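Each position in the sequence shown, counted from 1, maps to that position plus 105 in the numbering used here.
Honestly, the hints are just simulated from the structure, not real lab data. All values reported here derive from a predicted model rather than from experimental measurement. Worth double-checking, as some hints may not be accurate.
Distance windows between CB atoms, simulated [as the list claims (entries may be wrong)]:
no., residue 1, residue 2, range
1, R242, P133, 44 to 50 angstroms
2, V113, K173, 45 to 51 angstroms
3, R250, L176, 17 to 23 angstroms
4, P138, C245, 33 to 39 angstroms
5, A215, R161, 16 to 22 angstroms
6, L149, Q231, 25 to 31 angstroms
7, P135, N167, 16 to 22 angstroms
8, Q231, A150, 26 to 32 angstroms
9, P135, G238, 25 to 31 angstroms
10, R227, V113, 29 to 35 angstroms
11, V114, T136, 26 to 32 angstroms
12, R250, V114, 32 to 38 angstroms
Beta carbons: idealized from backbone N, C-alpha and C, even for Gly.
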Amino acid sequence: MKLKIPPVVIMLLCGVLMYFVSVIFPMPLPTLPWLAAVFFIIGLAVIGAGVLAFRRHRTTVNPHTPDKSRLIVADGIYRFSRNPMYLGMALILAAWALWLSQAAVWLGVAVFVMLITRLQIRPEEQILSEHFGEAYRQYCRQTRRWL
């Protein structure tokens, strides 16, 4: 795997970057704390649903060992997204962007999506494709990467 830093650390670093961008390049937007709270709660729920599905199937949630996956989890939230845990992290960063109420901070969400896709998701997909073959490729054709 290319990514040696856990995805949650990438999310936190993007969140810190977003804060500093909001301070250095202020571009105020309307404050929507209630919407930020909704995005945050949905993000946590999406992550939780992803983790619970993996636990229910007794397969690994460790992002550094996709080769240890026992099976393709394709039910529950995984019917809608192949990467609900990363999607949930992006939603939490979107909540942070809404809370900060600064236009430029949305770049942090885009940076997170770009980094996770390139450094984590694509290598995971390659490993899972090699591990599960046509069954995984069929799942990829039926289910979007993000949403």
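Checklist entry - Which numbered hints turn out to be false for this structure? => result When the structure is compared with the hints, numbers 2, 5, 7, 9, 10 and 12 turn out to be violated.
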